[in-house]
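Sequence order for the protein chains is A and B.
So the first sequence is numbered by numbering that gives the first Met the number 0: it starts at 0 and just counts up by one.
So the second sequence is numbered by numbering that gives the first Met the number 0: it starts at 0 and just counts up by one.
Just so you know, not all the hints are guaranteed correct.
Which residues of chain B face chain A? A partial, calculated answer using Cβ under 8 Å [said to hold, decoys possible]:
{"no.": "1", "residue": "Lys19"}
{"no.": "2", "residue": "Glu74"}
{"no.": "3", "residue": "Glu116"}
{"no.": "4", "residue": "Tyr119"}
{"no.": "5", "residue": "Ala152"}
{"no.": "6", "residue": "Ile165"}
{"no.": "7", "residue": "Gly229"}
{"no.": "8", "residue": "Tyr301"}
{"no.": "9", "residue": "Asn306"}
{"no.": "10", "residue": "Phe310"}
{"no.": "11", "residue": "Ile384"}
{"no.": "12", "residue": "Tyr385"}
Distance condition first, Cα-Cα at most 25 Å in a straight line; then the derived DMTMM-like pairs of lysine to aspartate or glutamate [unchecked claim]:
{"no.": "13", "chain 1": "B", "residue 1": "Lys233", "chain 2": "B", "residue 2": "Asp256"}
{"no.": "14", "chain 1": "A", "residue 1": "Lys101", "chain 2": "B", "residue 2": "Glu312"}
{"no.": "15", "chain 1": "A", "residue 1": "Lys13", "chain 2": "B", "residue 2": "Glu312"}
{"no.": "16", "chain 1": "B", "residue 1": "Lys19", "chain 2": "B", "residue 2": "Glu171"}
Computed beta-carbon distance windows for the label pairs [what the hints assert, rightly or not]:
{"no.": "17", "chain 1": "B", "residue 1": "Glu166", "chain 2": "A", "residue 2": "Glu30", "range": "49 to 55 Å"}
{"no.": "18", "chain 1": "B", "residue 1": "Pro232", "chain 2": "A", "residue 2": "Ile130", "range": "40 to 46 Å"}
{"no.": "19", "chain 1": "A", "residue 1": "Gly86", "chain 2": "B", "residue 2": "Leu121", "range": "25 to 31 Å"}
{"no.": "20", "chain 1": "B", "residue 1": "Glu381", "chain 2": "A", "residue 2": "Glu38", "range": "40 to 46 Å"}
{"no.": "21", "chain 1": "A", "residue 1": "Asp149", "chain 2": "B", "residue 2": "Thr143", "range": "35 to 41 Å"}
{"no.": "22", "chain 1": "A", "residue 1": "Thr41", "chain 2": "B", "residue 2": "Pro232", "range": "29 to 35 Å"}
{"no.": "23", "chain 1": "A", "residue 1": "Gln107", "chain 2": "B", "residue 2": "Asn276", "range": "41 to 47 Å"}
{"no.": "24", "chain 1": "B", "residue 1": "Asn15", "chain 2": "A", "residue 2": "Arg18", "range": "39 to 45 Å"}
{"no.": "25", "chain 1": "B", "residue 1": "Lys4", "chain 2": "A", "residue 2": "Ser137", "range": "42 to 48 Å"}
{"no.": "26", "chain 1": "A", "residue 1": "Leu102", "chain 2": "B", "residue 2": "Thr65", "range": "54 to 60 Å"}
Simulated from the structure, these hints should not be mistaken for lab results.
Yeah, the Cβ is synthetic: ideal placement off N, Cα and C, and Gly gets one too.
Below, each chain spelled out in residue letters.
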Amino acid sequence: MTETKELVKKLADKYGRARESLMPILQGVIEEERFVSSEAMTEIARELDIASAEVYGTATFYSFLDTQPRGKYVIRVCKTITCDMHGKKKVIEKIEDLLKIKLGETTQDKKFTLLTTNCLGWCHQGPVMLINSTPYPSLDENKVTEIIMDYMSK
Amino acid sequence: MENLKRVDLIFGAYTNEKYKVLESTLKKSSEQIITEMINSGLKGRGGAGFLTGLKWKFTAQESEPTKYVVCNADEGEPGTFKDREILTKVPRKVFSGMAICGKAIGAKKGYMYLRGEYQYLLPDLMAELDVYHEHAKRFNHDFTIEIRMGSGAYICGEESALFESIEGKRGEPRNKPPYPTVSGVFSKPTVINNVETFVNAVMIMKYGAEEFKKLGTSDSRGSKVFSISGDTPKAGIHELELGMTLADFVAEFGDGDTKAVQVGGASGFCVPRKKFNETIIGFEGVPTGGSMMLFNSSRSMYNVLHNYLDFFEEESCGQCTPCRVGCQQLLKGIHAVKKGEKPSSYLNQLLQLSDTMKITAKCGLGQSVANSFSSIVENFKEEMIY
């Protein structure tokens with residue numbers, strides 16, 4: 000049994016095999032593997048006994064359910080209005096500079112992926128980013144450097 | 000400050016004893032709770048402003064035995080962060096409100112739909128949920144609450160899209176009617192309320208409808224939690240009485256150079272400086288889910304509108320043509336005018352398109368794009384062109 004197959008089975012045992020279990024299972028796969036591979040989608044379809052197209056359709060609807068390979072740490076910088084006004088562009092450029100990747104890319108060692116996202120709900124403390132599920136508000140170039148360096152040494 | 004009344008209802012003290020208001024409210028009958036809610040005049044705090052008590056009454060009247068309570072914690076409107084603050088500071092009040100609603104409508108199960116962006120709150124919420132379930136058991140109240148996570152889709156804040164998502168599907172809004180009070184999550188009668196609305200319900204049970212009604216105006220009862228951001232020295236959460244003028248608001252929160260305020264987020268209205276005096280914040284004027292974004296003279300309103308349209312174009316679920324194609328065309332259109340590829344009169348055509356979206360889009364997202372679009376284009380036309 001492959002690791003993905005095992006993971007999907009474990010998640011289905013935990014959340015059940017009804018249609019309403021699909022989101023928690025997809026979220027569980029993301030938690031472990033950072034993206035939902037076609038293998039994972041096929042396995043989920045088999046476990047839940049639904050068409051794999053249904054799994055694909057649901058997964059691709061949600062922006063956090065990535066279907067492309069992602070790094071261990073997925074960075075999502077908020078690009079909505081107040082973060083935009085307060086220097087999101089500089090924060091993104093700084094991260095690009097530090098990780099030597101462009102927006103949308105993953106580092107060669109598969110450790111980081113840099114993305115933007117819509118409003119994260121920290122408008123009073125923008126710019127803000129998420130690294131996986133942890134929010135980092137009140138960013139500037141210095142602060143973001145500190146945080147990214149910290150993750151780089153992990 | 001004299002013109003604004005600060006309130007401490009939402010974040011203020013609950014009770015020393017855990018779940019005390021819930022315990023005392025459970026002694027009331029379903030009818031008593033609903034009557035109190037209706038008398039309070041509380042309107043939903045998500046932004047749409049439907050009378051909460053009526054929503055509860057309609058659901059209670061349904062003969063179907065299985066009913067649900069859903070808490071909409073999919074706060075995604077740009078400029079809004081008050082639900083995150085409420086869930087961080089007073090989750091007990093939120094769970095109490097859901098449990099009181101369960102008693103009022105005869106539901107045994109509640110769901111909280113929490114947006115994926117707030118996943119970091121989950122451990123604390125789960126811990127509080129354990130405390131809730133312990134107390135519910137002790138009070139003999141057969142009502143359990145489960146938290147379901149979103150995964151980064153603004154549209155799931157639309158109630159029927161949220162139901163679809165809980166059911167494990169794409170978050171595409173349903174046709175209405177039927178309304179949730181008749182057919183909501185799992186096609187059962189459902190009350191769905193905003194996080195803040197449930198907290199208000201608890202405070203109404205604690206202090207009574209009469210006390211609650213003393214706050215606000217006849218059309219907008221109670222207080223409101225505002226999320227204030229943008230060009231302001233006082234960005235953050237402020238709980239204020241409803242019914243103030245925008246001029247008073249700006250005097251308190253502006254930076255002295257405020258040229259426009261976006262009331263109600265990207266899907267709300269942009270009010271220019273010349274209309275601050277006549278604009279009332281509340282259901283009798285400009286309604287808001289609490290999002291207030293201030294812009295000073297250094298900001299280009301073209302950039303602001305561009306940012307909103309980028310947002311809507313990405314977050315449109317793509318199900319209905321007016322919204323899917325409309326958002327793309329509005330974005331392309333303002334680009335073309337700005338670059339001089341289209342004459343300035345083209346803006347009138349775009350305004351017509353946004354009006355069409357308002358009446359033809361399937362859900363609130365597509366319908367409300369016109370709010371910010373027309374209020375920005377009409378009030379800041381020269382910024383769109385030059």
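Taking the hints in turn, this is what the structure says about them:
Annotation: Lys19(B) was flagged as interfacial toward chain A, and the flag is violated, the nearest CB pair being 30 Å apart, outside 8 Å. Taking 8 Å as the C-beta cut-off, the interface hint given for Glu74(B) holds, the closest approach to chain A being about 6 Å. Annotation: Glu116(B) was flagged as interfacial toward chain A, and the flag holds, the nearest CB pair being 5 Å apart, inside 8 Å. Taking 8 Å as the C-beta cut-off, the interface hint given for Tyr119(B) holds, the closest approach to chain A being about 5 Å.
Satisfaction of the interface hint for Ala152(B) is found here, the shortest Cβ-Cβ separation to chain A being roughly 5 Å, below the 8 Å cut-off. Look at Ile165(B): its Cβ gets to within about 7 Å of chain A, closer than 8 Å, so that hint holds up. Taking 8 Å as the C-beta contact cut-off toward chain A, the hint placing Gly229(B) at the interface holds, the least distance being around 6 Å. A cut of 8 Å between beta carbons decides the hint on Tyr301(B): the least distance to chain A is about 13 Å, and the hint is violated.
The beta carbon of Asn306(B) is positioned within 8 Å of a beta carbon in chain A (closest approach about 5 Å), and the interface hint is therefore held. Using the Cβ-Cβ criterion of 8 Å, the hint placing Phe310(B) at the interface with chain A is satisfied: the shortest such distance is roughly 6 Å. With a least beta-carbon distance of about 21 Å to chain A, the hint placing Ile384(B) at the interface is violated under the 8 Å criterion. Residue-level restraint check for Tyr385(B) is violated (minimum Cβ-Cβ distance to chain A is 21 Å; threshold 8 Å).
Straight-line distance between C-alpha atoms of Lys233(B) and Asp256(B) comes to about 14 Å, which keeps the hinted pair within the 25 Å bound. A C-alpha spacing of about 23 Å is found between Lys101(A) and Glu312(B), which places the hinted pair at or below 25 Å, so the restraint holds. Taking the CA atoms of Lys13(A) and Glu312(B), the gap is near 36 Å; set against the 25 Å cutoff, the hint is violated. Straight-line distance between C-alpha atoms of Lys19(B) and Glu171(B) comes to about 39 Å, which puts the hinted pair past the 25 Å bound.
At about 21 Å, the CB distance of Glu166(B) to Glu30(A) disagrees with the hint of 49 to 55 Å. For Pro232(B) and Ile130(A), the Cβ-Cβ distance of about 29 Å falls outside the hinted range of 40 to 46 Å, so the restraint is violated. Separation of Gly86(A) from Leu121(B) is about 29 Å and conforms to the stated range, judged on CB atoms against 25 to 31 Å. A hinted range of 40 to 46 Å is violated for the C-beta pair Glu381(B) and Glu38(A), which are about 55 Å apart.
Take Asp149(A) and Thr143(B): their Cβ atoms lie about 40 Å apart, and the range 35 to 41 Å holds. In this structure the supplied range 29 to 35 Å is violated for Thr41(A) paired with Pro232(B), their Cβ-Cβ distance being about 54 Å. Taking 41 to 47 Å as the suggested C-beta distance range, the pair Gln107(A) and Asn276(B) does not conform, at roughly 58 Å. For Asn15(B) and Arg18(A), the hinted distance range of 39 to 45 Å is satisfied, since their beta carbons lie about 44 Å from each other.
As the Cβ distance of Lys4(B) to Ser137(A) is approximately 30 Å, the hint placing it in 42 to 48 Å is violated. For Leu102(A) and Thr65(B), the Cβ-Cβ distance of about 47 Å falls outside the hinted range of 54 to 60 Å, so the restraint is violated.
The structure shown violates the earlier hints numbered 1, 8, 11, 12, 15, 16, 17, 18, 20, 22, 23, 25 and 26.
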